[in-house]
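Undergrad: Top line first, the protein sequences correspond to chains A and B. With this note's numbering applied, the first sequence has no gaps in its numbers, which climb one by one up to 434 at the end. With this note's numbering applied, the second sequence has no gaps in its numbers, which climb one by one up to 823 at the end.
FYI, nobody ran anything at the bench for these hints, they're computed from the structure. One or more of the hints may lead you astray.
Said to hold, decoys possible - What the simulated footprint calls covered on chain A by chain B, stretch by stretch (three residues with Cβ under 8 Å from a Cβ of chain B suffice, anywhere in the stretch; the number is not a length):
id, stretch
1, 116–130
2, 237–251
3, 357–364
4, 400–407
Unchecked claim - Cβ-Cβ distance ranges computed for the label pairs, FRET-style:
id, chain 1, residue 1, chain 2, residue 2, range
5, A, Thr97, B, Ala737, 47 to 53 Å
6, A, Thr294, B, Leu808, 40 to 46 Å
7, B, Lys596, A, Val51, 29 to 35 Å
Stated by the list, open to error - Here are the simulated DSS-like pairs of lysine-lysine, each with C-alpha atoms no more than 25 Å apart in a straight line:
id, chain 1, residue 1, chain 2, residue 2
8, B, Lys596, A, Lys28
9, A, Lys28, A, Lys101
10, A, Lys35, B, Lys636
11, A, Lys30, A, Lys101
12, B, Lys636, B, Lys621
13, B, Lys703, A, Lys28
14, B, Lys621, B, Lys703
15, A, Lys308, A, Lys256
16, A, Lys106, A, Lys30
17, A, Lys28, A, Lys106
18, A, Lys319, A, Lys308
19, B, Lys596, A, Lys30
Just so it is clear, CB atoms sit at the ideal spot from N, CA and C, and this is done for glycine as well.
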Amino acid sequence: MSDNSAAYEKAPIESYEGTEKKSNVLSKSKIRRAKILGIIMLLLSAVVMFVLAPASQGIATFGLSFPDDKFQLDALAIPSTAALYVLAMVLAFLGGTQFLKGFQRKSTLILGISFVVFVISIMIWATAGQEFSLISMLVSTIARTTPIALGALSGILCERSGVVNIGIEGMLLGGAFTGVVMGSLLGGWVGLIAATITGGVLALLLAFLAINYRVDQIIIGVVINLLVLGLTSFLTSQILVERPEWNDAPIFPAIKIPVLGDIPIIGPMFFDQTVIVYAMFGLVALTTFLLFRTRWGLRTRSVGENPKAADSLGISVSKTRYLAVIYGGMVGGFAGAWFTLGTVGRFDEGMTGGAGFIGLAAMIFGGWNPIGALGAALIFGFSDSLSQKLALINTSIPTEFLAMTPYLVTIVVVAGLVGRARPPAADGQPFEKQ
Amino acid sequence: MSSQLDPQTREDLVNPKDRSFTQRLATAADWRSAILIPFLAVLSALIIGLVIIILTGSSFAEAMNAYLALLQGSVGSLRAISETLTAATPLILAGLSVALAFRAGLFNIGGEGQALIGGMFAVWVGFSITGLPFFIHLPLAIIAGIVGGAIWGFIPGILKAKTGAHEVITTIMLNYIALRLVDFLLKTSIFQREGRNDPVSKNIEVSAEYPTLLTGIDSAMRVHAGLFVALGAAFLIYWLLFRTTIGFEFRAVGANPSAARYAGISVTKVYILVMLIAGALAGTAGAGQVLGVLGRTTPGFTADLGFDGIAVALLGRSNPWGVVAAAILFGGLRAGGQQMQVSANVGIDLISVIQALIILFVAAPALISAIYRLKTPVASAQISKGWGS
Numbered sequence: 001m002s003d004n005s006a007a008y009e010k011a012p013i014e015s016y017e018g019t020e021k022k023s024n025v026l027s028k029s030k031i032r033r034a035k036i037l038g039i040i041m042l043l044l045s046a047v048v049m050f051v052l053a054p055a056s057q058g059i060a061t062f063g064l065s066f067p068d069d070k071f072q073l074d075a076l077a078i079p080s081t082a083a084l085y086v087l088a089m090v091l092a093f094l095g096g097t098q099f100l101k102g103f104q105r106k107s108t109l110i111l112g113i114s115f116v117v118f119v120i121s122i123m124i125w126a127t128a129g130q131e132f133s134l135i136s137m138l139v140s141t142i143a144r145t146t147p148i149a150l151g152a153l154s155g156i157l158c159e160r161s162g163v164v165n166i167g168i169e170g171m172l173l174g175g176a177f178t179g180v181v182m183g184s185l186l187g188g189w190v191g192l193i194a195a196t197i198t199g200g201v202l203a204l205l206l207a208f209l210a211i212n213y214r215v216d217q218i219i220i221g222v223v224i225n226l227l228v229l230g231l232t233s234f235l236t237s238q239i240l241v242e243r244p245e246w247n248d249a250p251i252f253p254a255i256k257i258p259v260l261g262d263i264p265i266i267g268p269m270f271f272d273q274t275v276i277v278y279a280m281f282g283l284v285a286l287t288t289f290l291l292f293r294t295r296w297g298l299r300t301r302s303v304g305e306n307p308k309a310a311d312s313l314g315i316s317v318s319k320t321r322y323l324a325v326i327y328g329g330m331v332g333g334f335a336g337a338w339f340t341l342g343t344v345g346r347f348d349e350g351m352t353g354g355a356g357f358i359g360l361a362a363m364i365f366g367g368w369n370p371i372g373a374l375g376a377a378l379i380f381g382f383s384d385s386l387s388q389k390l391a392l393i394n395t396s397i398p399t400e401f402l403a404m405t406p407y408l409v410t411i412v413v414v415a416g417l418v419g420r421a422r423p424p425a426a427d428g429q430p431f432e433k434q
Numbered sequence: 435m436s437s438q439l440d441p442q443t444r445e446d447l448v449n450p451k452d453r454s455f456t457q458r459l460a461t462a463a464d465w466r467s468a469i470l471i472p473f474l475a476v477l478s479a480l481i482i483g484l485v486i487i488i489l490t491g492s493s494f495a496e497a498m499n500a501y502l503a504l505l506q507g508s509v510g511s512l513r514a515i516s517e518t519l520t521a522a523t524p525l526i527l528a529g530l531s532v533a534l535a536f537r538a539g540l541f542n543i544g545g546e547g548q549a550l551i552g553g554m555f556a557v558w559v560g561f562s563i564t565g566l567p568f569f570i571h572l573p574l575a576i577i578a579g580i581v582g583g584a585i586w587g588f589i590p591g592i593l594k595a596k597t598g599a600h601e602v603i604t605t606i607m608l609n610y611i612a613l614r615l616v617d618f619l620l621k622t623s624i625f626q627r628e629g630r631n632d633p634v635s636k637n638i639e640v641s642a643e644y645p646t647l648l649t650g651i652d653s654a655m656r657v658h659a660g661l662f663v664a665l666g667a668a669f670l671i672y673w674l675l676f677r678t679t680i681g682f683e684f685r686a687v688g689a690n691p692s693a694a695r696y697a698g699i700s701v702t703k704v705y706i707l708v709m710l711i712a713g714a715l716a717g718t719a720g721a722g723q724v725l726g727v728l729g730r731t732t733p734g735f736t737a738d739l740g741f742d743g744i745a746v747a748l749l750g751r752s753n754p755w756g757v758v759a760a761a762i763l764f765g766g767l768r769a770g771g772q773q774m775q776v777s778a779n780v781g782i783d784l785i786s787v788i789q790a791l792i793i794l795f796v797a798a799p800a801l802i803s804a805i806y807r808l809k810t811p812v813a814s815a816q817i818s819k820g821w822g823s
C-alpha cells in the first residue's frame, strides 16, 4: 500500500539498529551463521558415521550405461561400509573447519559440497548390497528438470517486469490439457502450439487484472490455479471420459543427436531427449540473452526495478509488463505440454502435482536469473528423480523425506540462511501513472 | 479491507449540507462493498458456470436442471441443509484462519498444511487413547488439532518475523511438506491401520467423535457439534480483533507495519502471534473433519480446505461474520454440487470453477462495477506487497 511498508519488509531486522552499530552486529551474525553451518555439517557427518555406515553392508553397484549403449561403462562397485566411513570423515573435516575457522565467502559453496557428499552417502547406503541404475536416474533427472526449469523461467519473465506470478501451476496444467486435446486431434506439433497459446491467454488474464485493474497479483495467481484446476477437471470428467480418443496424443520421441549422443553418461542425459527438453535449454539461453543483452531486456528489468524512473524516461510501463507477462505465460503453457506430449500422451486431473510451485521455488532459489533457476531446477529434478528411483529398489529409506527436500531447501533459501536472493524491487507493486 | 474507499468516493456519497447523514451514508457505502459486490460476484460466477455447462454439450433446460439440483442439494430439504452445514463447518474455520492473517497484512496460503497437521494430531489422540469419557477425550483431541495447526502456523510466522521470509512462499512449501509428511506417517506402524497396506490411519475412538446433532431425526444427517466450535471461533476472532488491544495491534500492523512500529507495537510479536492463531484455526478445521466426518485420515484428507478458506475469507471480506456467511454459501455449493453430479450428471468440479470466479470478482470489484455499470467504483483488495523477502 505505501512505500514505507515495502521498505519495512525488506529490512526487518536491521532497520532498528543504529548505523554505527550495524557492521558490528552483522559480523556477529555472520559468525553465528558460520557456527550454525558448521554444526549442520557436523550433524550430517554424525548421521553418516553413526546411522548409515553401521547399517550398511555389501557392495553398492551403480549402473552407468544402458545395455544398448554404443560404449559400455563398467558398473561402479563401491564397498558401502568403507566408503561411508570415508565420506563421514570428509564431512567431519569440512564441518569442523567451518565451525572453528569458517570458510568465509566460500562457506555456502562448502555447505553445498557437504550436501552433495551427504546425498551420495544416502545413495550408497540405500543401494548397499543391491544394484541401482545411476544412468537412468540421471536421464530422468534431466526430464523432470524440464517443466520445473520452464516454470521458473515463466516466473522470472513475469517478475523481472514487476508482476508476481504464482499462477505458474495453472499455466502448466492448462497447457497440459489443451496440449493433449489438440495433440490428439491435430498432431503433436499443433498440441505444442495450443499449449503455448493457452499459457499466453492465462497470462493475458493475469496482466489485464494486474495492470489495468491493479488487483492483488497473488490473488490472481491463486484464482488462475483454482480456475484451471477446476476447469480442466470438469472438462475431463464431462468430455474426455466420453471421448477417450481426444485424450490420446502422440508422444514426442527422444531424438538422439549423432556422435554427441554416444558419449557415455553425458550422451543419454543431454543428447538423447525429446524436443521439449532441447527447447528448454534453448529457451533458458534465449531468455538470458534477451533479458541481459538486449534493449528489450534492459527495459523490462528497469520496469521491474523502478517503474517510475522507467516511465519518466518514456518507457511504457504497462506495455512492457504486458509483453513480459505474456511471453512468460507462453513459456509456462509450453512447459505444461511436457506433462502430456512429452511423457504419457494423456491428461489426468491435477497431473502437474505442484511442479509449478517447485518452479516458483527454483525461480527464487536461482535468484530470478534463468541460469541460476536452471541450476536450482536440476537440484529439484534430481531429488525428485532420486526419490522415485529409490522407491523402486527395496530400501528402508522413506522416500517422502527425499521428496520433501526441494521445499525445505526453498524455505532455507527465502529465510536467507544460504545466500539471500533479492527479488526485483517493484515486484508485485501495481504501477499508477502520475 | 471493508472500507477501502478512495476520498473521491466518500465525497460523492456525503451531502455537504447534511453532516448528520455522514455516518449513515458511510455505512451505506460499506453495505455496497460488503453485500452488493459479493452478491453480484456470486451471480456473475453462477452465470458463467451456466455458460460452461451449456458449452460442454448440455441444452439450456438441462443446465437449468443442474442448477435446480444444486439448489435442492443445498437447501431443498432438512438433510440438504444438514449437508450444507457439515460442509460449511470446516470452511468457517479455514476462512477465519485466512481472514485473521489478512487483517494483519499476512497471506496465509498454508491453511492446507496446517489443517493436515492438525488433523494428524487429532487422529492420533483420537485412536491412541482409550477408555476416556467423551467430555475429556473429545476436547483433548480438539486441543491436539489446535496445537498441531499452531505449530505449522508458527513456522512461517517466526520466519517472517525474524528473517523476513515471505509467508506466501513458506506456507506453500509447508503445504507440500505436510502432504509428504502425512504420506509418510500413514505408512508408519503408529498410524497405519493393522492389516492394511494402503496409507490409511486407524479409526478414532467413539469417545473422540463430535456428537451428531440431528441423527435423532434421520441417521443420515451428518451435521455435528463442530459447527458450534466453528461459530464459537468466529465469535472469538471477532472479539479478539475488534474488542481487545491485541486485535487492535493486529489491525494496526495490517494497515501499516511501519506506523505500527513507530506507535510502539512489536511487529515481530504480531506476526508470530497471528500466524500461530491462524494455524490453530486451520488445525481446528482439519481436526473437525477427522473427528466429525471422516473418523480417520488418508493422504490429502483435507481436500483443498486451505484454498477454499482463501475464497471464503475474500468473499467474507475478512470479517468473521462475513466469513460465516460465505462459508455457508460455499458449503451449500459443495453439498449442492454432489446432488448436481448425481442427478444432473454435471461434474462437481464445476463448483471449483464457480468458486474461483467468485474470488476473482470479489478481488476485482472494479470488474463488477464495469459489468453492472455501478456508479461508485470500489478499490481492489490489496493484501500482499510483493515478495519483499
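Undergrad: Taking the hints in turn, state whether each one holds.
TA: Structure-based check of each hint:
no., hint, in the structure
1, 116–130, "violated (count 0)"
2, 237–251, "holds (count 3)"
3, 357–364, "holds (count 4)"
4, 400–407, "holds (count 5)"
5, Thr97(A) <-> Ala737(B): 47 to 53 Å, "holds (49 Å)"
6, Thr294(A) <-> Leu808(B): 40 to 46 Å, "holds (44 Å)"
7, Lys596(B) <-> Val51(A): 29 to 35 Å, "holds (30 Å)"
8, Lys596(B) <-> Lys28(A), "holds (16 Å)"
9, Lys28(A) <-> Lys101(A), "holds (14 Å)"
10, Lys35(A) <-> Lys636(B), "violated (43 Å)"
11, Lys30(A) <-> Lys101(A), "holds (12 Å)"
12, Lys636(B) <-> Lys621(B), "holds (11 Å)"
13, Lys703(B) <-> Lys28(A), "holds (23 Å)"
14, Lys621(B) <-> Lys703(B), "violated (37 Å)"
15, Lys308(A) <-> Lys256(A), "violated (49 Å)"
16, Lys106(A) <-> Lys30(A), "holds (13 Å)"
17, Lys28(A) <-> Lys106(A), "holds (18 Å)"
18, Lys319(A) <-> Lys308(A), "holds (14 Å)"
19, Lys596(B) <-> Lys30(A), "holds (15 Å)"
In summary, the numbered hints that this structure violates are 1, 10, 14 and 15.
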